[in-house]
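S.K.: Each chain is listed here by its residues.
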Amino acid sequence: MTANAGSIGRSSGAKPSLNGKASRGSILADRAATVVLWGTGALVLLILGSIILHFAMAAWGVVSLSFILDNPSQTTLGGIMPVLWNSIYMLALTMLIAVPVGLLGGIYMAEYAGDNVVTGAIRFAEESISSVPSIVVGLFGLILFVDDFHWGFTALAGALALTFFNLPLMTRLSEQALRAVPQDERSASLALGATKWQTIRHVVVPLAIPGLITGVILTAGRVFGEAAVLLFTAGIGTPPHYNFANLDITNPASPWSPFRPATTLSVYIYKLNSEGLGAFKNQIVDGSAAILISMVLIFNLGARFVGRVLTRRLTAA
Amino acid sequence: MASLTSAYPTSKLRAKPGLLERLDLPRRVVFVAAASMIIVVAMLMIFIVWQGTQLFVKDGYSLGAIFDAKWDPLADTPEFGILPFILGTIVVTAGALLISTPLSVGVALFLSEVAPKWAKSIVQPALEIFVGIPSVVWGWLGITVLVPFLADTFNGPIVISLPIVGTVFSMPGFLTGFSWLAGSLVLSIMVLPTITSVSYDAFRAVPQELRTGSLALGTTRWQMIRHILIPSALSGVLTAVVLGMTRAAGEALAVQMVIGNSPTLPEAITQPMTTLTSQITLDMGNTVFGEPWQDALWTMSLVLLVISITSVVLVRVINKRRMGS
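Chains as they are written, first to last, in this note's numbering: chain A, 1 to 317; chain B, 1 to 325.
Source of the hints: derived by calculation from the structure; they are not laboratory data. Hints are supplied without guarantee of correctness; some may be wrong.
To be verified - To give an idea of the chain A side of the interface with chain B (calculated C-beta under 7 Å), a few residues:
#1 E127
#2 V132
#3 T195
To be verified - A short, non-exhaustive set of chain B residues, derived as facing chain A with CB atoms under 8 Å:
#4 A33
#5 V57
#6 I129
#7 T277
#8 T281
We treat Cβ as the ideally placed atom computed from N, Cα and C, and that holds for glycine.
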């Protein structure tokens, strides 16, 4: 039977055939395509590998404990402590606002939103903010907070602009995490007589925690590296020597205050590059970029690790 | 049945809703959180449209004066032709997509059709790290690696001549390396994860039966990809390209760092140029609120806003057509 089919196929020549035997040319094309597709995958790894290697080499001899913990200096390599502090501070301040709002918004979209005009408008808003360039979001912050509210360049203005920019991401990731919870869990809870909100609070959200935390960490990674939003909201300048003993958050001189300009690590890289001066400029930027990349790696691997551990713990329990 | 319900009043079986829930408070609160995005977008649009039209309303420039090639903010009668920036954004984005689309679709096909599990579990996390690398770091890589490489490698005029026919192609070489090509290359890597992940989803969404059906008819895997998979996922791939385009057109710092920032239209990919985002980034800090120069920058931000909202609508149209067919 098979031999027969084969012979019929052969007689039909190079036309697309049903014979189970592709022509020589198409087999060669298939092999070539496979090689090319493997090549694209390998290229991605090659690029990433060389970037990491490049920064590991560039940061060698630059990044040290004193580079992380010292103030910038005019005459020596100095350190990046104040801008690193600002990055962490801005991250915390932004997440403090964005996580609750994003989580609650995600709950609405996953559990309450009906198929109506309002939901459509929220989706459209979500997509719009996601596609508006970060620089435009920063400019919006500039008009609203810096000019209209007369705050000037402040950490709070930057954090709010960052919140605007990342709210769609946080909301969408929360919604996805909540939607991934099986419908049966909800039905079981409701069948036991729990109200909708009790079900959400005590059943759906706890089950979605691994996904929610992954979402938080991925958002955090994006917030940490963002610069364009902050240029015109949190300010761009050389930070003063901070006095961490000054805990008065209403005092703009305190590093704990949200009402002070806060140049972050990413913005600092941009600033050093655009000024183009300074004997140690290249080393400082290389070192700072290496630290940024390491943070990105930590955030990514952290999100993976935490998600996996929590899933295992929750599903085992 | 009636006796059963009266014997076991359902109100007793049910946990009592708290006061907050009886006031429907939880639903209201989560709704406000979600709807806050509408408020943010509406305010953003109102503010940018307002600021972006001041150049016409307050400073009395005509639309024709804006869509002009001459940009000279420091002249006695300043000219704010933003055409070089708009065209700059278009060409640098086009260059990036030209490089990135084949590569990204290739990676997406690799992940969805070819890669064994182990390869997938390396390449996918790698792409996620790409997404996370901040824009300033890409720009810095461009300055320290790509730009010097271009300047050193192609410093003379680039001429292709054939025997008999003579010169078929020539363009000036790189002067400094800061150029259209540098901008497009940096952007192409930055949009690679976007285009890859969205096309990957589109390929995964193609029903498995179509693949097995094609292979059962005796096609090779590549024939199946070319004639079945890519046509079926075309609208998804198109969405991916539009999203990549949006990201490329809106990217500010990395492009500004490598593109050379000369407010002229580039004559060749080796020449410096500028874009909407890079000019805004550069000039915003040097201008005073309310002066025509800054108003022109706001007009440029309005153009960026229009581009991004258009692409949101475009993606919706593409997807609706896919749902329809």
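S.K.: Hint compliance check: list the failing hint numbers for this structure, sorted ascending.
M.R.: 5
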